[in-house]
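Colleague: Residue numbers (the numbering used here), protein chains in the order written: chain A, 1 to 389; chain B, 1 to 389; chain C, 1 to 389; chain D, 1 to 389.
Careful, some of the hints might be misleading.
The list cannot tell twin chains apart, which means a pair is met if one copy fits it or any two copies do.
As the list claims (entries may be wrong) - Under the rule of at most 30 angstroms between Cα atoms (straight-line distance), these lysine-lysine pairs were calculated in the BS3-like manner: (1) 160 / 237; (2) 273 / 55; (3) 280 / 189; (4) 252 / 237; (5) 189 / 352; (6) 123 / 286.
No lab work stands behind these hints, which were simulated from the structure alone.
There are 4 protein chains.
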Amino acid sequence: MVSGTREKKTGKIRLGMVGGGQGAFIGAVHRLAARMDDEYEFVAGALSADPAKAKASGRDLGLAPDRIYSSYEDMAKAEAKRPDGIEVVSIVTPNHVHVPAAKAFINAGIHVICDKPLALSLKEARSLEALLARRKDVIFALTHNYSGYPMIRHAKAMVKSGELGEIRVVQGEYPQDWLTTALEKTGQKQAAWRTDPKRSGAGGCVGDIGTHTYQLLCDVSGLAGEELAADLTSFVKGRVLDDNAHVMLRFKGGAKGMIWASQVAPGNENGLKIRIYGTKGGLEWKQEDPNYLWFTPFGEPKRLITRGGAGSGGEAGRVTRVPPGHPEGYLEGFANLYTEAARAIRAARTGKKADKEVTFPGIADGVAGMAFIEACVKSSRANGKWTKL
Amino acid sequence: MVSGTREKKTGKIRLGMVGGGQGAFIGAVHRLAARMDDEYEFVAGALSADPAKAKASGRDLGLAPDRIYSSYEDMAKAEAKRPDGIEVVSIVTPNHVHVPAAKAFINAGIHVICDKPLALSLKEARSLEALLARRKDVIFALTHNYSGYPMIRHAKAMVKSGELGEIRVVQGEYPQDWLTTALEKTGQKQAAWRTDPKRSGAGGCVGDIGTHTYQLLCDVSGLAGEELAADLTSFVKGRVLDDNAHVMLRFKGGAKGMIWASQVAPGNENGLKIRIYGTKGGLEWKQEDPNYLWFTPFGEPKRLITRGGAGSGGEAGRVTRVPPGHPEGYLEGFANLYTEAARAIRAARTGKKADKEVTFPGIADGVAGMAFIEACVKSSRANGKWTKL
Amino acid sequence: MVSGTREKKTGKIRLGMVGGGQGAFIGAVHRLAARMDDEYEFVAGALSADPAKAKASGRDLGLAPDRIYSSYEDMAKAEAKRPDGIEVVSIVTPNHVHVPAAKAFINAGIHVICDKPLALSLKEARSLEALLARRKDVIFALTHNYSGYPMIRHAKAMVKSGELGEIRVVQGEYPQDWLTTALEKTGQKQAAWRTDPKRSGAGGCVGDIGTHTYQLLCDVSGLAGEELAADLTSFVKGRVLDDNAHVMLRFKGGAKGMIWASQVAPGNENGLKIRIYGTKGGLEWKQEDPNYLWFTPFGEPKRLITRGGAGSGGEAGRVTRVPPGHPEGYLEGFANLYTEAARAIRAARTGKKADKEVTFPGIADGVAGMAFIEACVKSSRANGKWTKL
Amino acid sequence: MVSGTREKKTGKIRLGMVGGGQGAFIGAVHRLAARMDDEYEFVAGALSADPAKAKASGRDLGLAPDRIYSSYEDMAKAEAKRPDGIEVVSIVTPNHVHVPAAKAFINAGIHVICDKPLALSLKEARSLEALLARRKDVIFALTHNYSGYPMIRHAKAMVKSGELGEIRVVQGEYPQDWLTTALEKTGQKQAAWRTDPKRSGAGGCVGDIGTHTYQLLCDVSGLAGEELAADLTSFVKGRVLDDNAHVMLRFKGGAKGMIWASQVAPGNENGLKIRIYGTKGGLEWKQEDPNYLWFTPFGEPKRLITRGGAGSGGEAGRVTRVPPGHPEGYLEGFANLYTEAARAIRAARTGKKADKEVTFPGIADGVAGMAFIEACVKSSRANGKWTKL
């Protein structure tokens, strides 16, 4: 099933951005994702804390001069006052800015799409959760983008409908190799902030990619973590944060799991993979080949379910743009979160809730992610002691 | 090497479209591709020959009422006169409209991005070629979109630089299964026109996907076809055009090849694959897994070159948006042609040629494709006689 | 389904061999295949035409001195007279010796297991066929070993039972790269005789591996070839026989096919692959990963049927030794032919026919293979003219 | 590099067997492995403790009546006295018989090839180790058969030569699905003893396949385990032993690892896989596709090293029978251990040591395996406490 490309030129949603100026990576990804289905128009930004850089970046991207800011506080205030002010802001900064910026916009009544992990600490995440509990009018989306892949939607639907039976074992892994050497010492910007606890928080690899893995496992399996035992390591000399994480998991209800996340595994680019096994069947999915979902009903041959192809249902179909065999990728999956958020924002314009089928990661995923990071760090410091989530 | 996402909000290129109204498939793909890198603004359209449908489709897509047309002739004339008229038009109709529409816009001095195959016949294709020879100011791009994949760019660069030695054998295949049954009799629109010689021309499968295969083989290998022997079949009862094509090829200089294209091969979604073998090495690439390029230097282990990863050079890098392991797909490859065309159009605004590195399929590919179709049909009718290209 | 390893120490079949002395390759494969299921005892040999080498080779392999011969004629005569003489002989020489040797043993009432291709010419093959028609008491097996793989047995059973519907298209390929350079000029023995028409016959690549591909396509699909058009090439300078073959096929009943066989395709080791498509489904199998069979019922997800696993039936099970996930390979597939032949020989001891389920390639496959080679050569010389098989 | 098939008819090694009678699985695998390279002749057996079954099984396999025993003690004594007595015995019983039987033959001066895991307990394993320390004349091989695969030999050589740099992370997994349901309650013999602590020992899944994984990781990486934390689970109701094992590992010198072993993961047949990452590169190998070894030198494209192909060195070549592209499998890997043991036994005949290149798992692997099982069980009972190996 393929829903086809979606376009809505009329009534586009006005979008702003914090972070994502010249030299940044993920900001441009967010903008492209917002553009893909033509739901948003990008009209304002605090693209850098450095005023000169903010200005130059805004100009490059065609922003009106009066909507280029160098402070997110100023931006939140000014945009809230404008009749044509932004309806939603994307926060694409390093982690330490996520929560303060989000609060500024939420307080101004502006919806938020925030990059992950949510915060510097669980405590900070909970304070945002509390604010959102009071501001039910504000939509908050967290870009655990891998949740946006069609085959992930289908996997989740299969688990929910009972096709796997009772889930027993889940396996998640996310190996990369880009930090095999001390790249952060070469001035590489991405490496620098991701290995710096002041900007990243207490988790290195476990925060950056471990949280993606944990979120995806929980999202697809429907399981909630109960406790974990972790062994975090910094293999590269002088690195403060972990660059390799081994985690054993116990879920509520008795399922068990493991997560391996690594940034020092040569030959792995972005190897996120999840496997889910129940009493009646098993599922396997790999981010680098995202159009394929492997399903084995116990006692039958393995089946290859393809995006848009036979066996792929409505939950995948509504976030599928092109027919089977025409591969979709990372940007399409990312865009799906933006388009889902757009549906929620459009509904909110008229005071409604989005259709039930609209779904994207939010504050609960963010808090769970921070609980995961803190439990991993705490367990690892206590020599792998089982630690509650 | 990764160039990263590209955006240029300022000075967007004004784009129109012929075809692609409600219910169409490829039009939406073209619009999304145009949007991906933010180079174009879509401002006018003759989206359907049916005035009511044209109007409804244009309104859906946010076109101003006075720029919604139901005839491409009217559109070409009217847009040519406006100071804010379109600079380029995308032609996304069934094949029989391609050339007449293209001529109308070329004559009006408007650049053209046209879907493939180029024409209903080689003769018609040559007439367009002749027109373009006189109108050197007009840019003409043909959306043989598979040429836009980064790994195809890299493969081409490898052949050109001599890494494969002298090319001996090329193998192309493009199996699909969607026409295994008489889908055209069920009212399915895509199936209906593709099996109708009046709208598709003399080639069925060989025209729709055989030409993609031939174009890609020639593009990557740098070879030019000399003659071919073909055996075309219509397996489904009542189908007039071929749904399976077997072709043997001889290239100038002595290389040999084969092409298999099929729409009746169950288990194949969009299985375009090319393999190129020379005296020094071999290359393999598969459209459904487009981020991977397999290269074997003779006598050494096979190597997996990944988009954006180690071993992938500048030609791929300049059309690569996200890092290795973050898969790009069909839409990104398609968008690369639009962005390459945008570079040429921007250069043309100031009377310049685009940088030498800018490359996209054009009229020569279109004429070669029509020659391929006609040679296949002619050879097949002559019981597989070798026929000049 | 797994039948398990088979062993029968009692009443082993007495086996002799022609060819396969020191330095040979395939002779040792035959002996290992014969040993695998413990059905044979190797007791006599004319391992070389060179008496000294024959003697040394026989001694190495533990043959009794009086059962080491340097002429197959002598061997056939002497063994036929012994009460403990061989019951069956394996002929593992270059092609030109196959038929003369086979005739000697057949005339002596000794069963024959012969390597392929059968003969130097179709005419010679037919003369053997005629002899066998007169000597119905003698069993003749031809080691088209790929027919012995369990998943091939299962594929054949699926086609036969109608799971694919009516067969429309078959695709066979067999790329290798070992003759990319003029290896035959370096003294490499395998390369030398395979590129020499006196020892190989009129086909090079098409004879050595093209015949395997054709035999396997016919065996699995149940189709019989009607005519073909071929384009054979010798890419390596000075090579007399073809090293690359392009073939288009038409089968009785209307199915079509292609074969590509090559010895000059860098990156391919022994890439035999067949694909079979019918009105109801498609099958794919690759020799290098022989434990997997891909099956797509049209309109359903692709399924991976594994040797010994779910979905694999009795025809595969009876030639399967170890459970799924414990890979079997080339030698096991080869051994299956020996064990099937053993069943026939044991039945013949008491004048019976083997059970109907016992099956192995024989004289008909050999004659069809020679017809294939000759038609390819003839068609290619006539510039690809369609030529009857 | 390919050494080719090996055969030595002269001076075959006289082999006996304990266990492996009618209905058994692994005994037949051992006999076939012994037969593959023609190094052994099978002449005596205590194939069952049930005299009638022992006799019937021995007769089936062609043993002389006076060499069919129903007690391994009797067999050891009787064979030791015969001038033509067995030189080596294979012990292929459930685990609880391994050590008592091995001791009987060792005390009689007969070499032993024993299935794994070695013993019922670490203590019992150590007692055998002590005996072997006194009987240096006796060869002891443990059939951790996966160590016999050529690509494993090559991987080990690569690590040893420093191509991976310093090893940091190893990942092992061994998922199966055959015990997803309570198969042991259906009377299935393999399931029954493997889930019974009296015959299997304290480890279920962790003993049967966890030990294979641990042995292979250590063998290839050259690392020695220091401590582990384990979480063992019995998912199937009523099952006493674990059917799923999660293990975190720390090795001497600072490397870290994880092992996942499971018998309840639907869609996995025999999915043993190891991955090894160092400062300079990474290796990946999967048992179900054993002819492939993936190697990535950090910063370069991934390479596919194939058995017998380019890049595969002498250590693999000496246990390789057929050329690249002709797949070898489980039985060939198993046979390699038998053939390596044969080399040691032949050397021992004349009081010599085997060449240094001859290598097979032995008592040290067995003791390490039992330490692994006991540490897993102990850690798991102590809620995942890190436990010394």
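Colleague: Which hints from the list above does the structure break, by number from lowest to highest?
Modeller: 2, 5, 6
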